[in-house]
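*Asks:* Construct all of the structure, not just a fragment, from the sequences and the given hints.
Chain order of the listed sequences is H and D. My numbering applies: residue 1290 is where the first sequence begins, and numbers increase by one. My numbering applies: residue 1190 is where the second sequence begins, and numbers increase by one.
Any given hint might turn out to be false.
[Unchecked claim] The list that follows gives simulated cross-link-like pairs (lysine to any residue, SDA-like), each with its CA atoms no further than 25 Å apart:
hint: 1; chain 1: D; residue 1: Lys1208; chain 2: D; residue 2: Ala1335
hint: 2; chain 1: D; residue 1: Lys1208; chain 2: D; residue 2: Glu1256
hint: 3; chain 1: H; residue 1: Lys1396; chain 2: H; residue 2: Ala1386
hint: 4; chain 1: D; residue 1: Lys1337; chain 2: D; residue 2: Thr1293
hint: 5; chain 1: D; residue 1: Lys1337; chain 2: D; residue 2: Gly1372
hint: 6; chain 1: H; residue 1: Lys1396; chain 2: D; residue 2: Thr1386
hint: 7; chain 1: D; residue 1: Lys1337; chain 2: D; residue 2: Pro1299
hint: 8; chain 1: D; residue 1: Lys1208; chain 2: D; residue 2: Thr1423
hint: 9; chain 1: H; residue 1: Lys1396; chain 2: D; residue 2: Thr1192
hint: 10; chain 1: D; residue 1: Lys1208; chain 2: D; residue 2: Gly1426
hint: 11; chain 1: H; residue 1: Lys1396; chain 2: D; residue 2: Thr1353
hint: 12; chain 1: H; residue 1: Lys1396; chain 2: D; residue 2: Ala1303
hint: 13; chain 1: H; residue 1: Lys1396; chain 2: D; residue 2: Glu1304
hint: 14; chain 1: H; residue 1: Lys1396; chain 2: D; residue 2: Val1349
hint: 15; chain 1: H; residue 1: Lys1396; chain 2: D; residue 2: Leu1354
hint: 16; chain 1: D; residue 1: Lys1208; chain 2: D; residue 2: Ala1284
hint: 17; chain 1: D; residue 1: Lys1208; chain 2: D; residue 2: Val1333
hint: 18; chain 1: H; residue 1: Lys1396; chain 2: D; residue 2: Val1385
hint: 19; chain 1: D; residue 1: Lys1208; chain 2: D; residue 2: Asp1245
hint: 20; chain 1: D; residue 1: Lys1337; chain 2: D; residue 2: Ala1322
hint: 21; chain 1: D; residue 1: Lys1208; chain 2: D; residue 2: Ala1396
hint: 22; chain 1: H; residue 1: Lys1396; chain 2: D; residue 2: Glu1307
hint: 23; chain 1: H; residue 1: Lys1396; chain 2: H; residue 2: Cys1418
hint: 24; chain 1: H; residue 1: Lys1396; chain 2: H; residue 2: Gly1340
hint: 25; chain 1: H; residue 1: Lys1396; chain 2: D; residue 2: Met1190
hint: 26; chain 1: D; residue 1: Lys1337; chain 2: D; residue 2: Asp1277
hint: 27; chain 1: D; residue 1: Lys1208; chain 2: D; residue 2: Ala1260
hint: 28; chain 1: H; residue 1: Lys1396; chain 2: D; residue 2: Ala1306
hint: 29; chain 1: H; residue 1: Lys1396; chain 2: H; residue 2: Gln1356
hint: 30; chain 1: D; residue 1: Lys1208; chain 2: D; residue 2: Thr1416
Please keep in mind that the hints were generated in silico from the structure rather than gathered at the bench.
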Amino acid sequence: MRVHVVSTGAANLASVLAGLRRAGAEPGLVVGADDVLQAERLVLPGVGAFGAAATSLQAAGLWSALQERLNAGRPTLGICLGLQLWAEGSEESPGVAGLGVLPGLAKRLPTGVRVPQLGWNWVEPGRNCQLLQPGYASYANSYALREAPEGWAAAWTTHGEPFIAAVERGAQLACQFHPELSGPWGQALLTRWLGAR
Amino acid sequence: MLTRRVIPCLDVRDGRVVKGVRFQGLRDAGDPVEQAARYEAQGADELVILDVSATDEGRATAIRTVEAVRAVLGIPLTVGGGVREVEDARRLLEAGADKVSTNTAAVRRPALLAELAERFGRQCVVLALDAAARLEGGGWEVVVRAGKERTGQDAIAWAVEATTLGAGEILLTSWDRDGTGLGYDLPLTSAIAQAVTVPVIASGGAASAAHLAAALHAGADAVLAATIFHDGHTTVGAVKDALAALGLELRR
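*Replies:* Below is the structure:
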């Protein structure tokens, strides 16, 4: 299956492409806003800083197309910073607006635990989750959403305090962890998303 | 709860895994792609590839190795060796690394850490800190150039400075223990883990699961080992079973 991947100009793109290939997809890169609007399936990966990623997506002319696509419920996967960009903003870059599809702000992980959170942590899906299943996922983050957004099924992880591991609604899925780096568990999740309607 | 990580390390030169004590007497130890896949299947939480090539040609080969490993590897991959500029890191990340580590170059020019963090985010930036006990007066000093040069710089102060600048993780290698099989330097591991708030990976000297457990109990978030896994004496899975039996939280 053909999948379009947004290049946010930062790292980790090769891992995302390789993970999608292992899950049976044929990934290609988004060239412009038309791809964002028309792609059968779209992936918004992301590492790096919230503000820089938002600026880069705006400069590439993709911002309003992403909002339109997400609001229309089209099949889309956000990964790590890709999830945070769906929110209204982040403590990491005060004053920079997110896509605003998910209510709330990404907040810094609490003090008293290692930050960034690097490694494997347990994902506990809420009752309404269809795609997300319990298991260990691979994380690399310093910020996360802390409250379940209304209208979405949420999964939770705890690092010092509970945070949003992932949210899903139909064929829209956004993960704070990296499914492409979460071994067979992550690959199975990618496969389920590729088949989700 | 965030689990502790067990991380096999592959020293790679000219597209092959090599092994040797303190980078001396290197001998061929196999195909990196095959070993990466095997370690993931055994339950490795992450993989580190250290490019020990000394030439530009070797560096170019390392990029192809990273690409080939990435195609089969579904766990995080850190690559180090020869990262002197943002551009060096970009090439490795584009080839499929998830994190890059830098060592001597960051000691020579600490601003490199800030540049890497600004471009790729600090979760992507690993400081490889090689430390040795001072010959006089106690404490540990930073060593560079694969152990050839003692800098006199305090290892704990450098760890703190590096994380302030942009390092999101510390890969701490005891130069006194590396390759000896005597176990990790526990006082060093503990001192660095207490001084910083980013994750610390202990490295250098492991010969048994008991050594790994000791480093984790001393405060390391993860343990890196090469030799114990390479010769097939034990597997990552067997080591993780042993650590779990000691009450450590692991992904299994």
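*Asks:* Hint by hint, note whether the structure agrees.
*Replies:* Going down the list of hints, with the structure as the test:
no., hint, result
1, D:Lys1208 x D:Ala1335, "14 Å, holds"
2, D:Lys1208 x D:Glu1256, "21 Å, holds"
3, H:Lys1396 x H:Ala1386, "14 Å, holds"
4, D:Lys1337 x D:Thr1293, "11 Å, holds"
5, D:Lys1337 x D:Gly1372, "22 Å, holds"
6, H:Lys1396 x D:Thr1386, "17 Å, holds"
7, D:Lys1337 x D:Pro1299, "20 Å, holds"
8, D:Lys1208 x D:Thr1423, "17 Å, holds"
9, H:Lys1396 x D:Thr1192, "22 Å, holds"
10, D:Lys1208 x D:Gly1426, "22 Å, holds"
11, H:Lys1396 x D:Thr1353, "20 Å, holds"
12, H:Lys1396 x D:Ala1303, "22 Å, holds"
13, H:Lys1396 x D:Glu1304, "24 Å, holds"
14, H:Lys1396 x D:Val1349, "24 Å, holds"
15, H:Lys1396 x D:Leu1354, "21 Å, holds"
16, D:Lys1208 x D:Ala1284, "24 Å, holds"
17, D:Lys1208 x D:Val1333, "19 Å, holds"
18, H:Lys1396 x D:Val1385, "21 Å, holds"
19, D:Lys1208 x D:Asp1245, "20 Å, holds"
20, D:Lys1337 x D:Ala1322, "14 Å, holds"
21, D:Lys1208 x D:Ala1396, "14 Å, holds"
22, H:Lys1396 x D:Glu1307, "19 Å, holds"
23, H:Lys1396 x H:Cys1418, "23 Å, holds"
24, H:Lys1396 x H:Gly1340, "14 Å, holds"
25, H:Lys1396 x D:Met1190, "19 Å, holds"
26, D:Lys1337 x D:Asp1277, "23 Å, holds"
27, D:Lys1208 x D:Ala1260, "24 Å, holds"
28, H:Lys1396 x D:Ala1306, "19 Å, holds"
29, H:Lys1396 x H:Gln1356, "22 Å, holds"
30, D:Lys1208 x D:Thr1416, "8 Å, holds"
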